[in-house]
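Asker: Quick mapping for you: the protein sequence lines, in order, are chains A and B. When the count follows full-length UniProt numbering, it moves up by one through the first sequence with no breaks and lands on 492 for the last residue. When the count follows full-length UniProt numbering, it moves up by one through the second sequence with no breaks and lands on 492 for the last residue.
It is possible that some hints are incorrect.
Any copy will do: because identical chains look the same in the list, a pair fits if it lies in one copy or spans two.
Taking lysine to any residue pairs in the SDA-like style, the calculated list, with each CA pair at most 20 Å apart, reads [what the hints assert, rightly or not]: (1) K383 / P185; (2) K64 / S482; (3) K364 / G386; (4) K192 / P375; (5) K383 / S299; (6) K379 / C197; (7) K283 / T33; (8) K338 / E178; (9) K35 / V130; (10) K489 / L75; (11) K74 / G134; (12) K338 / L55; (13) K67 / E57; (14) K64 / F332; (15) K190 / L300; (16) K132 / L188; (17) K338 / S54.
What the hints contain is simulated information worked out from the structure, not anything from laboratory work.
2 protein chains.
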Amino acid sequence: MDGLHCRGCGRHNTARAPEEVQKSPQQPLDYLTEKQSDFSADLIELARIPSISSLPEHAGDVEKASKWVEGRLKLAGLEDVTVLETGTQPAVFGQWLHASGQPTVMIYGHYDVQPVDPLELWAVPPFEPVVKDGFYRGRGVDDDKGGLLQPIQALEAYLKTVRSLPINVKFLIEGQEEVGSPQLPALLRKHKKLLSCDYALSADGSQINEQQGGIAIGLRGAVAVEVEAQTVDSDLHSGVKGGSVQNPINALAQFIAGLHLPNRTVAIEGFYDNVRDITEEDKADFARFPYSDDVEMKSLGALGPFGEEGYTTLERRWLRPTLDVVGIYGGFQGEGIKTIIPSKATAKLSARLVPDQDPEHILKVLERHVEQHAPPFTKMTFKLLGFRAAPYAMPRDTLPNRAAAKALELVFGNTPLLYREGGTIPAMALFREHLGVDMTAFGFGLPDDNIHAPNERYRVSMFKKGREAYVHIFQAIADLGSAAAARAKEEL
Amino acid sequence: MDGLHCRGCGRHNTARAPEEVQKSPQQPLDYLTEKQSDFSADLIELARIPSISSLPEHAGDVEKASKWVEGRLKLAGLEDVTVLETGTQPAVFGQWLHASGQPTVMIYGHYDVQPVDPLELWAVPPFEPVVKDGFYRGRGVDDDKGGLLQPIQALEAYLKTVRSLPINVKFLIEGQEEVGSPQLPALLRKHKKLLSCDYALSADGSQINEQQGGIAIGLRGAVAVEVEAQTVDSDLHSGVKGGSVQNPINALAQFIAGLHLPNRTVAIEGFYDNVRDITEEDKADFARFPYSDDVEMKSLGALGPFGEEGYTTLERRWLRPTLDVVGIYGGFQGEGIKTIIPSKATAKLSARLVPDQDPEHILKVLERHVEQHAPPFTKMTFKLLGFRAAPYAMPRDTLPNRAAAKALELVFGNTPLLYREGGTIPAMALFREHLGVDMTAFGFGLPDDNIHAPNERYRVSMFKKGREAYVHIFQAIADLGSAAAARAKEEL
């Protein structure tokens, strides 16, 4: 378990098994150094293409970016490179399968980017990327154009120097991650055989900070619903009728206020069914994670941490389920005042789920709660919104996690930390469901890269570190894979 | 107290004092019958002008309507007819002051109208008014073009037949009632002498139903404020941070839910200061008013009446103060879902006030409540909105009320009911403040005329009834005025 924390004790196990000794891929690493300015040019070139998947007017740019990725995969030496049509934004596939007896690793990434509004907040035009003060600056330089280029460049380093890879690889670079990967399930089903693999790595991900690597071993799931409170057929005059009929905003406010108990747990019967207790092992992980409530709350402009009683901030974010109102509207919203009692008011709710909560069950108990807790004289309606993902937790001790830990230790110079994330990446659960593999996030963005926001940036140092880390992880997977195979043989 | 209910006993006093015997203004009434089709044409002509005061692109139409009214006042025989500029929508003034020794009555109305959207819901184009099935149909035919024409036509009937009026009259027909009469206070101050009068009637008002006349002796006042809850500097990712900081929508919902106690009284300290108790006299008025909760709730599409415990619907609407949320917004409001915790959420609140609540005091206790009841880790801000009117209650037994009762009894054939209204008409309080007179609402719309809504309409029968009622009320004021003067003389 090199580079990971052993179960139970919570302390780092520094013993290194003899079969896991690092082989040095020096030639590919030298190639990376040599080609540094070309690789930098790759990112500038790709980030110039405004491949915004959510805006139909950029469909041509999305197409252009997919072609660019197709060309880059071929140039690196991948084979069978092909564009897989989805009906909307295409995905790009490529493979190299000549490492006989070695595992096959799928590498996932996406070439589409977020929109750029508000444009006036950008210090540089978002699609005229530059390198400045140690950062690439522009839309997509981190998420995920910088990310997807690293494994391609690492692969090229092997193929152009030692003429082979230590493992077999497949690439799936999609173009609709930023719109929730709606056609990804169908694509995974349709090309199941082509995409089959032993392990998967996501080039879309991040590290803890510039000095500290980490491996996220869990993500929260999510469901989203809309509830509407209606009390009268149409808007009424607030003077003429005010005080004599239920006001739907008051009713909805009462409903929302009733969603939590005073200790801030969710007051919905059955909501906590199947929630796993936080283990001592989890607590040990969290204790190691560099985090301070004071620093965090100051940076958010929050008056303080606030959440379920009896839990720390990291526990609340990573291993406790939540129910938040993400939007509300009803009645008059313009300047000044319009004296009405509105006929209805609407709230959008999103729950974040943790292992082993079941999204379907949560939707059921939510709907039942809405039915049973309608405020007086209020018709409540319940509507599903298209956002549903299972919580995701991977085993701590998988072969790609161990390989990732080894690679991160080599590039960071210290032991990576295991942690979790509060967000949701649908592809993770989809890969498990359709391809039967867990996906290890192996990306090199940092939390302050402003992804999805103006002034997205990516550290030149992290772009370099990521390329090197991919060289190392290819080798580490091969080493661990061979060792595992040897062990299996001995045991026969 | 002819036509009114005597104090205390709650039953109608049918005794008629000898000095109040009705003089019959038969010639003017005959004139009205004779001119019926011309008067109908007046309304069609005026209602063709799209004088929407809230839309700048209709400024020319507002101007055109003011000119039309100016011409019509002259045609009727009024003198000193002039347009009084306000800087925006002008008011039209005219007078006839030759009834020596008689009181001077100001007649108030407005020629501007509400916008017409949504246009697709109109059965006839709103500015191509027609007469159909016993109704005038078009924007403004009730509110207030039909209303303002009645006293003009009644006045013309006197001046064209008996060549004089029994009383002195002044007209002030404004053009910005539908935008809250923002320049009316300045206009009343500037022309205080020109506008001075003994009594005032509003041609903007309504009756209870086609068979039953009524006099509104009270209106609620109003204040409006905006409260904003902020918990973090900018929107956060609901997955990454959800459950660890206060959500401003949850906080605002909790704040709103805390505005009322379980018995639905307003939970703000000092809110009920100076609220007058409902008297037996009020209760007797309300008991006479034709109203049924079943019919009303069905027509509103409400599941039932809902309000402050221990009060009836009419009491809740007319003599109890209320606090309603008229609008709320925060976070994501588009289609589907955006997974954020918003940084802030906003609600617009409007309180309706009853005698003797003081708007300034209510704003003060509201602001204090917001300061003292901010939910945990929430910054609450408080902002005044430009809507503030004192509650209005006039004495039951004023000379114009008695005259109105007499006139209504003559046209309806039964005793008018005293009632109150839940809404607010700023002009009422402004006339009292600046001209020192109470204003008796003497209009002939009905509650189902769809004012401020698509398919506004006005009954041909009520337009006729209103003209006749104005002929009667002019005479009644003269009769009651002479009798009062005679009584005063005797007492000297």
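Asker: State for each hint whether it applies.
Answerer: Cross-check of the supplied hints:
{"no.": "1", "hint": "K383 / P185", "verdict": "neither (23 Å within a copy, 49 Å between copies)"}
{"no.": "2", "hint": "K64 / S482", "verdict": "neither (40 Å within a copy, 92 Å between copies)"}
{"no.": "3", "hint": "K364 / G386", "verdict": "within (15 Å within a copy, 45 Å between copies)"}
{"no.": "4", "hint": "K192 / P375", "verdict": "neither (49 Å within a copy, 52 Å between copies)"}
{"no.": "5", "hint": "K383 / S299", "verdict": "neither (35 Å within a copy, 27 Å between copies)"}
{"no.": "6", "hint": "K379 / C197", "verdict": "neither (51 Å within a copy, 52 Å between copies)"}
{"no.": "7", "hint": "K283 / T33", "verdict": "neither (40 Å within a copy, 92 Å between copies)"}
{"no.": "8", "hint": "K338 / E178", "verdict": "between (38 Å within a copy, 12 Å between copies)"}
{"no.": "9", "hint": "K35 / V130", "verdict": "within (18 Å within a copy, 82 Å between copies)"}
{"no.": "10", "hint": "K489 / L75", "verdict": "neither (38 Å within a copy, 113 Å between copies)"}
{"no.": "11", "hint": "K74 / G134", "verdict": "neither (29 Å within a copy, 81 Å between copies)"}
{"no.": "12", "hint": "K338 / L55", "verdict": "between (35 Å within a copy, 16 Å between copies)"}
{"no.": "13", "hint": "K67 / E57", "verdict": "within (18 Å within a copy, 51 Å between copies)"}
{"no.": "14", "hint": "K64 / F332", "verdict": "neither (44 Å within a copy, 31 Å between copies)"}
{"no.": "15", "hint": "K190 / L300", "verdict": "neither (43 Å within a copy, 53 Å between copies)"}
{"no.": "16", "hint": "K132 / L188", "verdict": "neither (39 Å within a copy, 65 Å between copies)"}
{"no.": "17", "hint": "K338 / S54", "verdict": "between (35 Å within a copy, 13 Å between copies)"}
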